[in-house]
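Start from the sequences, fold in the hints, and give me the full structure.
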Amino acid sequence: MSGQYIAFFVLALIALGGGIFMLNLNKVVHMVVALVFTFVSIAGIYVLLSAEFVAAVQVLIYSGAITIIMLFGIMLTRHQDDGQSTGSPLRKAFALLGTVAFGAVMYIGIRTLDFGSEAVGLHDKNTEQIGIAIYSKYVIPFELASVLLLVALIGAVILAKKDDKEAGE
Amino acid sequence: MMMEQLLQSTPSWTNVAIFFAIGVGLLLVVLGFVTYGILAERKVMGFMQGRIGPNQVGGRWGLLQTVADVLKLLLKEDTIPKAADRPLFILAPVIAFAPAFMVLAALPFTDALQFADIGVGLLYYIAVSGLTTIGVVTGAWASNNKYALLGGMRAAAQMISYEVPLVMSVIGVILLAGSLNLNDIVEAQKDVWFIVVQPIGFLVFLVAAVAELNRTPFDLPEAESELVAGFHVEYSGFRWAFFMLAEYVYFFAMAALTTVLFLGGWHPLPFLGFIPGAVWFALKFSVVVFLFIWFRITFPRVRADQLMEFGWKVLLPVALVNIFVTALVKQLFF
Chain A
65 MSGQYIAFFV
75 LALIALGGGI
85 FMLNLNKVVH
95 MVVALVFTFV
105 SIAGIYVLLS
115 AEFVAAVQVL
125 IYSGAITIIM
135 LFGIMLTRHQ
145 DDGQSTGSPL
155 RKAFALLGTV
165 AFGAVMYIGI
175 RTLDFGSEAV
185 GLHDKNTEQI
195 GIAIYSKYVI
205 PFELASVLLL
215 VALIGAVILA
225 KKDDKEAGE
Chain B
39 MMMEQLLQST
49 PSWTNVAIFF
59 AIGVGLLLVV
69 LGFVTYGILA
79 ERKVMGFMQG
89 RIGPNQVGGR
99 WGLLQTVADV
109 LKLLLKEDTI
119 PKAADRPLFI
129 LAPVIAFAPA
139 FMVLAALPFT
149 DALQFADIGV
159 GLLYYIAVSG
169 LTTIGVVTGA
179 WASNNKYALL
189 GGMRAAAQMI
199 SYEVPLVMSV
209 IGVILLAGSL
219 NLNDIVEAQK
229 DVWFIVVQPI
239 GFLVFLVAAV
249 AELNRTPFDL
259 PEAESELVAG
269 FHVEYSGFRW
279 AFFMLAEYVY
289 FFAMAALTTV
299 LFLGGWHPLP
309 FLGFIPGAVW
319 FALKFSVVVF
329 LFIWFRITFP
339 RVRADQLMEF
349 GWKVLLPVAL
359 VNIFVTALVK
369 QLFF
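If you read the sequences in order, they're chains A and B. All the letters of the first sequence, read from the start, carry residue numbers 65 to 233 under our numbering. All the letters of the second sequence, read from the start, carry residue numbers 39 to 372 under our numbering.
FYI, nobody ran anything at the bench for these hints, they're computed from the structure. Watch out, some of these pointers could steer you wrong.
What the hints assert, rightly or not - With a Cα cut of at most 27 Å, we get these calculated BS3-like pairs of lysine-lysine:
id : chain 1 : residue 1 : chain 2 : residue 2
1  : A       : Lys-156   : A       : Lys-91
2  : A       : Lys-189   : A       : Lys-201
3  : A       : Lys-189   : B       : Lys-228
4  : A       : Lys-225   : B       : Lys-351
5  : B       : Lys-120   : B       : Lys-184
6  : B       : Lys-81    : B       : Lys-110
7  : B       : Lys-368   : B       : Lys-228
8  : B       : Lys-114   : B       : Lys-81
9  : B       : Lys-114   : B       : Lys-184
10 : A       : Lys-201   : B       : Lys-368
11 : A       : Lys-189   : B       : Lys-368
12 : B       : Lys-110   : B       : Lys-120
13 : B       : Lys-184   : A       : Lys-91
14 : B       : Lys-351   : A       : Lys-226
15 : A       : Lys-91    : B       : Lys-120
Unchecked claim - Covered stretches of chain A (in silico footprint by chain B; criterion: 3 or more residues with CB under 8 Å from a CB of chain B, positions within the stretch not fixed):
id : segment
16 : 128-135
17 : 161-175
As the list claims (entries may be wrong) - Some but not every residue of chain B turned toward chain A, in silico, with C-beta under 7 Å:
id : residue
18 : Ile-172
19 : Trp-179
20 : Ala-194
We treat Cβ as the ideally placed atom computed from N, Cα and C, and that holds for glycine.
Below, the structure written as structure tokens:
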């Protein structure tokens with residue numbers, strides 16, 4: 065058992081545990097904190113896969129995003145909600161069926177998956193390699209993604225503006 | 039490079055013990071800095087206000103004042119409010135402190151004295167330091183107190199707003215150094231420090247750094263005149279000490295990062311190369327620490343709306359222009 069294997073096992077356990085806690089806890093803030101553990105341990109798994117840049121960006125983006133989710137969770141939800149579980153037995157049975165089916169499909173899909181031979185030199189200057197790949201080979205998808213983000217930004221501004229005008233009238 | 043050899047040797051329990059011992063050693067060094075950093079801060083603030091500052095405990099210079107304060111904190115009763123969310127209240131100081139200590143691993147103090155030579159060191163620092171805000175907001179919410187919650191909300195808003203100019207201001211440095219690795223960045227400053235070639239970037243970085251540290255004039259999350267004590271109003275004893283410790287460890291880390299990014303790290307001034315790199319690093323580091331203390335005592339606290347406007351309407355455009363000009367200069371002249 066190598067150190068890498070132990071690290072992967074621990075990180076995977078924390079990630080899954082965070083996910084399960086997130087689904088089972090009742091208060092919004094508790095769920096968000098559980099989510100933090102999931103995201104950070106996924107970043108750890110990226111490090112194990114020699115993707116340091118992706119790991120750092122994962123933490124950078126999600127630490128901000130989770131803080132915002134937490135604020136929205138605090139401001140936009142009811143706090144006295146005790147969160148009774150809803151749904152009939154029939155619905156629960158369907159949920160179970162769906163989960164089992166999903167699990168089976170994923171297992172079959174992953175078990176026979178072949179990634180080809182493992183790429184070598186992944187950890188060597190990988191930030192530079194990502195940069196070169198984005199700006200030469202994948203430059204059009206990259207630009208499209210930035211246009212999409214810009215559209216989302218302008219859309220948010222327009223929505224916020226409209227609201228302001230109506231409140232003023 | 040002892041660290042490199044250790045990292046590449048075969049794993050064993052001896053290595054675990056060595057890493058643990060090094061970690062504890064670093065923690066003790068940082069605790070020493072925090073102890074005397076606080077004393078220095080109080081002394082400098084005292085002198086600047088025409089007072090003397092601590093001068094009773096531990097001789098004429100008050101050398102044991104902080105030690106006594108910390109002892110008092112540790113002996114205090116550990117109170118948890120009845121209405122607080124108990125598990126999160128306990129967890130929050132840990133979430134706030136752990137990243138503060140984690141970022142220290144990536145900082146190169148001299149060419150020999152460093153822990154992890156991470157390829158994306160700069161990004162790692164900025165990413166991990168953002169995690170502390172989650173601890174702050176969690177603690178603020180778990181306290182179940184309106185002042186604490188307001189402080190937490192402000193901390194979150196401030197972190198999001200000022201992280202953007204902070205990252206943007208260092209892109210100029212990254213462009214010139216051609217690397218995110220802190221060692222390479224220091225190496226690129228062998229002849230000229232980046233403060234000379236990136237003066238605008240340095241100023242934006244300095245302002246954003248003070249804001250990220252939640253220090254005066256940007257200490258809105260704990261503005262005592264409006265929010266009692268802000269996010270840690272319900273905390274006392276060693277849990278409160280953890281929040282304070284996180285704040286001062288970031289102070290240490292940010293001063294070290296400023297030294298690495300803009301002041302040439304351990305590189306000496308011309309003709310003074312006979313002084314060892316560690317001394318140079320310590321000197322520059324102390325200058326930055328003094329500068330931060332000077333800011334604290336000189337500037338009045340900004341208003342919340344001014345803070346947001348300044349971040350988005352002044353710092354961000356200036357940082358963007360800086361990136362543009364740097365890219366142009368690099369293309370044309372290098």
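Quiz item: Which of the listed hints are not met by the structure?
Solution: Structure breaks hint 17 only.
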